[in-house]
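Enquirer: Residue numbers (the working numbering), protein chains in the order written: chain A, 1 to 210; chain B, 1001 to 1247.
Take these hints with a grain of salt, some might be off.
Unchecked claim - When the alpha-carbon atoms are kept at most 27 Å apart in a straight line, the in silico DSSO-like pairs for lysine-lysine are as follows:
{"no.": "1", "chain 1": "B", "residue 1": "LYS1091", "chain 2": "B", "residue 2": "LYS1006"}
{"no.": "2", "chain 1": "A", "residue 1": "LYS86", "chain 2": "A", "residue 2": "LYS21"}
{"no.": "3", "chain 1": "A", "residue 1": "LYS86", "chain 2": "B", "residue 2": "LYS1091"}
{"no.": "4", "chain 1": "B", "residue 1": "LYS1006", "chain 2": "A", "residue 2": "LYS87"}
{"no.": "5", "chain 1": "A", "residue 1": "LYS87", "chain 2": "B", "residue 2": "LYS1110"}
{"no.": "6", "chain 1": "B", "residue 1": "LYS1026", "chain 2": "B", "residue 2": "LYS1006"}
{"no.": "7", "chain 1": "A", "residue 1": "LYS82", "chain 2": "B", "residue 2": "LYS1026"}
{"no.": "8", "chain 1": "A", "residue 1": "LYS82", "chain 2": "A", "residue 2": "LYS21"}
{"no.": "9", "chain 1": "A", "residue 1": "LYS21", "chain 2": "B", "residue 2": "LYS1002"}
{"no.": "10", "chain 1": "B", "residue 1": "LYS1006", "chain 2": "A", "residue 2": "LYS82"}
{"no.": "11", "chain 1": "B", "residue 1": "LYS1091", "chain 2": "B", "residue 2": "LYS1026"}
{"no.": "12", "chain 1": "B", "residue 1": "LYS1110", "chain 2": "B", "residue 2": "LYS1006"}
{"no.": "13", "chain 1": "A", "residue 1": "LYS86", "chain 2": "B", "residue 2": "LYS1002"}
{"no.": "14", "chain 1": "B", "residue 1": "LYS1026", "chain 2": "B", "residue 2": "LYS1002"}
{"no.": "15", "chain 1": "A", "residue 1": "LYS87", "chain 2": "B", "residue 2": "LYS1002"}
{"no.": "16", "chain 1": "A", "residue 1": "LYS87", "chain 2": "A", "residue 2": "LYS21"}
{"no.": "17", "chain 1": "A", "residue 1": "LYS87", "chain 2": "B", "residue 2": "LYS1091"}
{"no.": "18", "chain 1": "B", "residue 1": "LYS1110", "chain 2": "B", "residue 2": "LYS1002"}
{"no.": "19", "chain 1": "B", "residue 1": "LYS1091", "chain 2": "B", "residue 2": "LYS1002"}
{"no.": "20", "chain 1": "B", "residue 1": "LYS1110", "chain 2": "A", "residue 2": "LYS86"}
Read the hints as simulated data drawn from the structure, not as lab findings.
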Amino acid sequence: MAVSGLLFIAFVLMHMYGNLKAFGGHDSYNTYAEHLRTFGEPILPREGLLWILRLGLIVALIAHVASALALWHRAGTARSTKYVAKKNLGSSFSSRTMRWGGITLLLFVVWHLLHFTIVKINPAGGATNDPYNLLVDSFQEWWMTILYLVAMAALGLHLHHGTWSSLQTLGWTSSAAARTRAKVAGWVVAIVIAGGFSLVPLFVLFGVID
Amino acid sequence: MKVTLKIWRQPDAASPGAMHTYEVDKVSEDMSFLEMLDVLNEQLNAQGEDPVAFDSDCREGICGMCGLMINGQAHGPEVTTTCQLHMRSFKDGDEIVVEPWRSDAFPVLKDLVVDRGALDRIIQAGGFISVNTGSAPEAHSVPVPRDDAVRAFSAAACIGCGACVAACPNGSASLFLGAKITHLGELPQGQPERHSRVVDMVAQHDHEGFGGCTNIGECTAACPKEIPLDVISQLNRDLRTALVHGR
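Starting from the given sequences, assemble the full structure and let the hints guide the process.
Expert: In structure tokens:
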């Protein structure tokens, strides 16, 4: 759970950084997208690196979901009789929403892949073969921007607890100071990544990127 | 003051239970929570009803025997054990919900009494230091760095009451486990069995049916001895080291 989660953090950090190329304009963004496909040539075939990363992410996803389901199942059997009254005192909202938030993110990832990679859906009805144009056309629709912002809120919550939790699970927070640092890291990762991702759709919607 | 109690009543482990409502009048704010339950039981005795069964022993907050879920909080609204909770933490007219620890690893024996033998079996699996019998060695022959001693002592404050399990949304006993691993692992005497201890205790913990830790933190908020979450990190670190070294 922790190891696959940290891989996902590394991935979303790079993905967020790549998206910011949209601020550089049409050519900057599309060159970046094309470069991802030619990276490592000629040792690697075209899209070679992309497929290595994709396979890694698929393995990490299977490990992450399998661990989550195992933990969820164990939690259910560990307390089959529920409390009549139960208060939450020491837990963050993000820690209590990891499971349903994770399902939300999984559904979002399916939609996101259909939207930009597998099917390529242009809500404006225009061309889909130009990554930058597809991006701009998509986020000029207000409902599409809202959908992505909701998903980024879910991602931010998941990262807030997930970052600290992974460091704790790997045994790197064995002092009060290390625990504080891990919790701060959770905030930083959540705000930088979810915030960074949200910039592009917002700036498209408000006409800065067009 | 007068309080209304909603208490889980269950005649024995095999029978189903239900919440029952009782009123207790003339409760002094100086009474402990358990003394208030004693007053209730005197009323019930006088009426010829079965008194409410609950665990208690030292009644001074050091033995770990008592433990009730009070208004959704393990040991109630103060950071202490149920026996050291006083009625001054409540007000006249309050409705108080009292339940046993809910964990399938802690079966309810009667009313509010649960069997916490699972924690004892985790200790038996490795929560000890093997020492040859004979005269005690000279204490100063094994120097213990001060910081290590402080951390070992604070982890050793765990009284095994089970509040961490009761409060955990996953029903995990990781805070208890972490406290024992940290307590023994910080001391020189705990080193020879350090790897096998963590592997065996975690295996027994999982075997007892406790849930897995997802680092939510309800345990440490409920702990009457304020055991910090970093003992769980220590547990994870020791387990990782033990597994890498082939235990």
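Enquirer: So which of those numbered hints doesn't the model satisfy?
Expert: Hints 2, 7, 8, 9, 16 contradicted; others consistent.
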